[in-house]
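Could you put together the complete structure from these sequences and hints?
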Amino acid sequence: EAQVTQNPRYLITVTGKKLTVTCSQNMNHEYMSWYRQDPGLGLRQIYYSMNVEVTDKGDVPEGYKVSRKEKRNFPLILESPSPNQTSLYFCASSLFPGGVSYEQYFGPGTRLTVT
Amino acid sequence: AQTVTQSQPEMSVQEAETVTLSCTYDTSESNYYLFWYKQPPSRQMILVIRQEAYKQQNATENRFSVNFQKAAKSFSLKISDSQLGDTAMYFCAFMKSYTGANSKLTFGKGITLSVRP
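Chains as they are written, first to last, in the working numbering: chain P, 2 to 116; chain R, 78 to 194.
Since the hints were derived computationally from the structure, they do not count as laboratory data. For clarity, every value in this text was computed on a predicted model and none was experimentally measured. Built from N, CA and C at the ideal position, the CB exists for glycine as well. Any given hint could be a false lead.
[To be verified] In the DSSO-like style, the derived pairs of lysine-lysine whose C-alpha atoms are separated by at most 27 Å in a straight line are: (1) P:K19 - P:K72; (2) R:K186 - P:K66; (3) P:K66 - P:K19; (4) P:K58 - R:K186; (5) R:K155 - R:K132; (6) P:K19 - P:K70.
[To be verified] Which stretches of chain P does chain R cover? Using the computed rule of at least three CB atoms under 8 Å from a CB of chain R, they are: (7) 30-43; (8) 89-96.
Encoded structure:
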């Protein structure tokens, strides 16, 4: 089954404790992206990756890191989480960036709480 | 920069009736796509319908249709014969259309739709 998976689905952590949220897709997609969803703000892009080893900042990158060492994986790293990073996180992917294959497939979401 | 505005935070509709969700956007781009996403309580983001800006014909998907007014930068979603399973948050979203560009979706704040039995 074609899908985007995220782990963990739920995470409660404390301020300053490094964490990684994994994202994996099995569709051979070139493009991957991370969003955060906050009440009253919709979803906002954190980082994106056009291809392996090519990543760039989205609209709200502060406090986050990403890496794209393999085509299928795009982990989101919070080196020193803070309470303002409490949010619902989504990973998304599409076959190519922009243009023709624009449909994006979303993961199931990760609910992160930082205390 | 693009902006997407959903001014109605909540709406309610009786089962089997029709409801229209509003969305306006602002952009200087000429090539773009517009989307409506549904987010049920499971939190999964589900694509409901999409519209290519270069197409004049309004998109339809079964009970879902859009009213795309390019000059007015308006993109409303009509749900006909509302069903209890339509209860969800709905997001309007914009994406620039350039091959090789960041496929960033710019979302509105969302609207919570409740379908009453």
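Verification of the hints:
1. P:K19 - P:K72: OK: P:K19 and P:K72 at ~24 Å, within 27 Å.
2. R:K186 - P:K66: 25 Å, holds
3. P:K66 - P:K19: Cα-Cα ~11 Å, so holds.
4. P:K58 - R:K186: Status holds; Cα separation ~21 Å.
5. R:K155 - R:K132: Between R:K155 and R:K132 the Cα gap is close to 18 Å, so the pair holds against 27 Å.
6. P:K19 - P:K70: Holds, at about 20 Å.
7. 30-43: Per the Cβ count (6), the hint holds.
8. 89-96: holds (count 4)
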